[in-house]
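Asker: What follows is the residue order along each chain.
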Amino acid sequence: MKGEMMELKLTVNGKPYELMVKPKTLLVDVLRNELKLTGTKTGCRTSSCGACTVNIDGRAVRSCSVLALQANGHDVVSIEGVASGGKLHPIQQAMVDHGAIECGFCTPGMVMSARALLNENPKPTREEVREAIQGNLCADEGYVKYIEAIEIAAEEMRGGK
Amino acid sequence: MGETFGNYSVIGKTIPRVDARAKVTGEAKYAADIELPDMLWGQIKRSPYPHARILNIDTSKAEKLPGVKAVTTGKDFGGFKWGWSRETRDEEPFAVGKVRYLYEGVAAVAAVDEDTAEEACDLIEVEYEPLPGVFDPFEAMKEGAPLVHEDRPGNICVEYHWNFGDVEKAFAESYLVREDTFQTPRMAKGYLEPPAVVAHWPDPNHVVFQGAKGSPYFPYRILARLFNLPLSNVRIIQPFIGSDFGGTKNDMVHCDYAAVMLAKKTGRPVKLQYTEFDELTTCLRRHPMWITIKTGVTKDGMLKATYVKAIADGGAYTRMSPLTMFLTGTCMTLPYKLPNFKYDGMNYFTNNPSSAAMRGHGLYHSRFAADVQLDMMAEELGIDPVEMRLKNAIENPEPGKVYETVNGVHVASCGIKECIEKVAGAVNWKGVKEAKRVEGDKAYAVGIAAATYNSGTKLSAHNACAAIVRICEDGSVNYLTGASDVGQGSDTVTCAIAAEVLGIGLEDIDLKRVDSAFTPVDPGSYGSRVTVLAGQAAINAATDAKRQLLEVAAKQFGVKPEEVEIKNKQVFVKSNPEKNMSWERLVRTACYETPGKVIIGRGYSTQGISLLGLADFSRGFGDIGTNYSFTAQAVGVEVDTETGLVKCTDESVIAHDCGFPLNPPAVETQCQGGSYHQGIAAALYEEFKMDKGLTLNANLADYKRPRAYEAPMTRVEHVITNDPYGPFGAKEASEGSCCSAPPALVSAIYNATGVWIKDLPTQPEKVFRALKAKKEGKKSL
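Those sequence lines, one after another, are chains A and B.
Mapping of the first sequence onto this note's numbering: position 51 corresponds to residue 36, and the numbering continues sequentially without gaps.
One rule links them: number in this note's numbering = place in the second sequence (from 1) + 820.
Hints listed in this document are in silico derivations from the structure and should not be mistaken for laboratory results.
Here a beta-carbon is modelled for each residue, glycine too, at the ideal position from N, C-alpha and C.
Treat each hint with caution, since some may be false.
Stated by the list, open to error - Taking beta-carbon pairs under 8 Å as the criterion, some of the chain A residues facing chain B (in silico):
1. Ala68
2. Gly70
3. Gln77
4. Cys91
Please work from the sequences and hints to get the whole structure.
Answerer: Below, the structure is given as structure tokens:
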């Protein structure tokens, strides 16, 4: 509570930030409470549900599982940084077009996990897609259309269509 | 683009969801994303006992902590009691006399930040006198057991005793009679978004409530009664909702009461959000149930009679248990013809967190028991389970005719036979033996089951959904709905229905979600009621607006209004399409021609009630649904015969009769999700482990939920029956597959291994022990 504040420097969605945080503060709380980036959701705060997934240096990380200070000097992308200038990312577009989204609460985390996967592996097998989003719980749509949408996006990004 | 159904401009084909873009970009605001200027944070003080008398609550130390702005206890609520219906108001916003389950709320604090509020809660001193408790219905029903509610003898929360036909005579006449007891687990609802709320009072006579509520007009009515405010002064603004599945997001939880009372006391906005632990230890759960079912059949496999005795753990308060027990009984007479039926439904209070509605509400318990038992009897009779289902299945009534069950349930459309045939065909079903395959330690098989669910659920009192279609002068349209889309896709289909009726595009319609200051009152999102009833409201409201516009067009064309039509934003005389104008021109003419019209269409649903009246809960007679969906499902499994681990395979098909798929991909995700998240989950993974009222696995690591790496790639086939009571023929989608998944899975395990698992979930240890017992020559369960 009364812990001293420490300096945090990081890049979020391409923009540099310098702020003072308590050492105990989680990255998810900096994103949501300090930077007002509420697209990153909080489901469990125990690293179980994946709703808070962001990309750190391109990799999928649950932002409730890291202290904000652990992101010091790193490049963070949250869901707000995925679309560019009003144009949806192919993963987002595929999820919309394919009807993958229901309540939408897991969607930002799902997009971030898929984005990290396709950055690393442009041609994933179905098993690799399933593995990439295994940390992202969904509660209502059954995963089928999410998995298919990610496959459609991968093809689109490879210029397959 | 996927399949197209019917000959429509907007509906019956892939409709991108109206809210998908906001959700996929993170712009959609959920309750926890709301922040207001000068906002305080609240926290709940909870009881460390599952059953105890409260002797004293001392809040003085908490009040003195710097940063604390207000403290509230149950006494501030002036004896206010609430519940699911007027007769079942047995719960107070915060416990006053005694606590009835572990972590029940006893007080709450508002402070400048979350840490201070939490610290203040620790400073509240509560004196308790611990009491002995009851932790399952069998303890609760014992003579002399401690009473959860002193005025409820025997801890009986709900009981129904129904009898139709002559069950005993039918059993005596049956060739084969079998009795089995099945068990369903205590389960979490499964939504990811924990309850959250922000409340404020703009002035002492107006309250504004923004909470994660799938049925926002529950708090609307509850808060008016609590604060003795006119309904006009209660404003519920609905954020996006991260799923619901019944119960917790229908009515109230402690954080809702805390927010409104602390905001009133401080004059500032107050926000509370639950943690996963709060949610999993205190929020509503699916009832665990023990279902004893006795069924008699003829030699050739025709059902003669069924007697069901269901015993449920209702938890600490009544909540929706009367409805649960009704639903558990009522649909035993669907989807198969059943001439004699008896039901004893018993629900007991215990010192566990309260049980309530959950996706597949009620039917999931009893349809699981009945459909698995049907397979057992088919085997004893030497009849193929698919054939036995087809023999007993209710026929699709001729147009204009209605099938009536022995307990007064009316079915105007029934695609169950087609559903069963479709899944059997899709998995190339040739029989139980042929369904099995063994590779080393792995045994593979498929199981098939069938189910039903009521849609457009109708209850006593207010039932209508309503909508307002506001035509703006440039031709754009606002659709104001009282209905809530918690993810099921009703916002999209109701807007699509309005567009279809008006003859315009979906993109011309802008949806306004619930804000009770402007939108019409609505019962809520439960009982698969929204698409069916809000859909009719959409038709009626759009038709009303269109009628007003057609009058203007008729005058312009010099014809009668019924001679004019609007399609694809073109307004034309039906007999002479050369006479036409654009939609925009018509609207402009209507709005600008002196004195200028204001086109507002209004409509509400009548279908649910005008049809055949209401069900009589005490007799178990009559319709709870406006219409009924039918589902058949094939589930493939891989059973590890060494470890007992069961996985679903991609040999997974659902055929669903939703009457008419207004938005086919939405019907598909609803069926896939209903099956996997709340059906397969119950059958394979999920169960709260309890120890004297304490939830031992209250986190999503220890409480196993279904994940993507083992999700079956379930295919969905649409069965079209065009129900006469649904909007454009539609019925529900999703609760049906929630009910067909568990029996199909258990049947698949049997087909693979020869062991019946009758108590869910079929976790590896249970399967392992059953396999071991079978190997050692012991009789299967």
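Asker: May I ask which of the numbered hints given earlier this structure violates, with the numbers listed in increasing order?
Answerer: 2
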